[in-house]
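Visitor: Letter by letter, the chains look like this.
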Amino acid sequence: MSRISDQEIADFISKTILDGRQVSTTQELLLSGILDSLGVMTLVAFLETEMKIQIPTEKITFENFSSVEQVSGFLNTI
Amino acid sequence: MGYTLMLSIDEKCEEFRNFGHEVLSEDVEERDRRGAKDPSDWMGLWQSAAHKGVLGINMPQQFGGEGRSFTDSFQALHSLGEGCRDNGMLLGLNGQLWAMQHSISVFGNEHQKAKWLPALVDGEAVCAHAVTETNSGSDVTGIRATAEKTKYGYRLNGEKIWIGMAPAADVAQVFAITNPDHGAWGMSAFIVDLKSPGVSKSAPYDKSGHRTVPTGKLTFEDVEIPDESLLGSEGSGHAIFNQSIAWERSFIFSSHLGAMKRQLDETVLFARDRAPNGKPIINNQTVSNRIADMQVRYEISRLLIENAAREIDAGVKNRMTPSVVKLSVAEALLENALQAQRIRGASGYLTGECERMVRDMAGTITLGGTSDIQRLLISAYQKGAVRT
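Chains as they are written, first to last, in the working numbering: chain Y, 1 to 78; chain S, 1001 to 1388.
One or more hints might be untrue.
When the alpha-carbon atoms are kept at most 20 Å apart in a straight line, the in silico SDA-like pairs for lysine to any residue are as follows [what the hints assert, rightly or not]: (1) Y:Lys59 <-> S:Val1316; (2) S:Lys1113 <-> S:Glu1124; (3) S:Lys1261 <-> S:Gln1339; (4) S:Lys1383 <-> Y:Arg21.
The following label-pair restraints were derived from C-beta to C-beta distances [unchecked claim]: (5) S:Arg1272 <-> Y:Ile34: 27 to 33 Å; (6) Y:Glu58 <-> S:Arg1155: 39 to 45 Å; (7) S:Asn1109 <-> Y:Ser14: 39 to 45 Å; (8) S:Ile1300 <-> Y:Ile34: 33 to 39 Å.
It should be emphasised that the hints constitute simulated quantities derived from the structure, not laboratory data. For glycine and all other residues, C-beta sits at the position ideal for the given N, C-alpha and C.
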């Protein structure tokens, strides 16, 4: 498994999903509508590809994906 | 537990093909015309299919199924479709099997599995998949139905539309918000007994295709459901939906593909026999090109579903597969039905098998997420799945 930094995750979200709009690593992503369900799927595909992991579908939850920091914390558990 | 000798997969295919032809196709034109207004029009056939083992093909043996692999189940259901001319029945059976029974089998606890799976496999109960609402379709983030926690369970409120089998279903897998603070991510899945007070079912919609089984609306008004109705854990509705819709998108057209094969073969025979001025139209290159393309679409569709089945049997997770299968197979089903109609000329426009296939297959590009939605999903995965 390859590691990926919080900033790399934020940069991917900004560049690929949000057309350059910046996000901070603590910013709420889901309730704010920054990431819709397609955006979450894009992020999941990115994380699985870059880190060479499989994220179980049941782990794609509000708690694990509500901010870059939450994503990062979740990734540290698998 | 007793030991039951299972048929080989070839024997099973033959059995399903004959059953589809001899039993499920009976009176299909009249039933299509009547439009599933009366449950007695299709309920007996549904139960016959269940007793033949259609709804148990890949279910665990302890719950009345045969526990076959995805690969073998696809083969058997394809054969059923080769014999059966009732695409509505095929859609209903496959919908229950893949989207509902399979998610109960995977996400349900032992009590839920023991309570519901034998009844569903045996045809005693019919299940509906209640996801879509006025403001929410394939993107479930618009769901508004709520399940408020009470002392003994939950109080369910909401309205679900475009639900296959809803007007006659006994039970439904219902998705509702349990934690409004998490928005659509606070969604949970429930197995709801539709005899509960406060549940109402609409009359069947009058639709253009798949008319032999009903589609309608479910309304829940202060429906008290027990804790044991919760499927999986509270808040896991998003994950359960994503997984169950993935199975549905990959396999719901398993039997439709068999119907596509039968249509292809019958089109070849028609074009070989139809010979104005003594020259068979199959020797007209315009016609033969169309039929060649029909063959290619069928072969690709078959390989795509087989590949999806092999991936699951091998434990491989490919998030893009269900949308690729759904998009490609649905478009192929409709295109082949239209091409068959072109080749048959005026006779294909008369009320009957050929025009019914067009009406039925037109529905496949919409149900389970439109082709446009599948393209969006494929694109979403593509954007993340290629390394820089």
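Visitor: Taken at face value, is the distance from the CA of Arg21 (chain Y) to the CA of Lys1383 (chain S) at most 20 Å?
Guide: Holds. Lys1383 (chain S) to Arg21 (chain Y) sits at ~17 Å (cutoff 20 Å).
Visitor: Falls inside 39 to 45 Å, the C-beta gap from Asn1109 (chain S) to Ser14 (chain Y)?
Guide: Roughly 42 Å apart at Cβ, these two residues keep to the hinted range, so it holds.
Visitor: Taking the CB of Ile1300 (chain S) and the CB of Ile34 (chain Y), does the distance hold inside 33 to 39 Å?
Guide: Hint holds: Cβ distance 38 Å, inside 33 to 39 Å.
Visitor: Regarding the pair Lys1261 (chain S) and Gln1339 (chain S), is the alpha-carbon distance no greater than 20 Å?
Guide: holds (13 Å)
Visitor: Note whether the CB distance of Glu58 (chain Y) and Arg1155 (chain S) lies within 39 to 45 Å or breaks it.
Guide: violated (26 Å)
Visitor: Between Arg1272 (chain S) and Ile34 (chain Y), does the beta-carbon spacing fit 27 to 33 Å?
Guide: Hint violated: Cβ distance 59 Å, outside 27 to 33 Å.
Visitor: With a cut-off of 20 Å on the C-alpha distance, tell me whether Lys59 (chain Y) and Val1316 (chain S) pass.
Guide: holds (17 Å)
Visitor: Quick one, are Lys1113 (chain S) and Glu1124 (chain S) close enough, alpha carbons at most 20 Å?
Guide: It holds: about 15 Å lies between the C-alpha atoms, which stays within 20 Å.
Hint violations for this structure: numbers 5, 6, all remaining hints satisfied.
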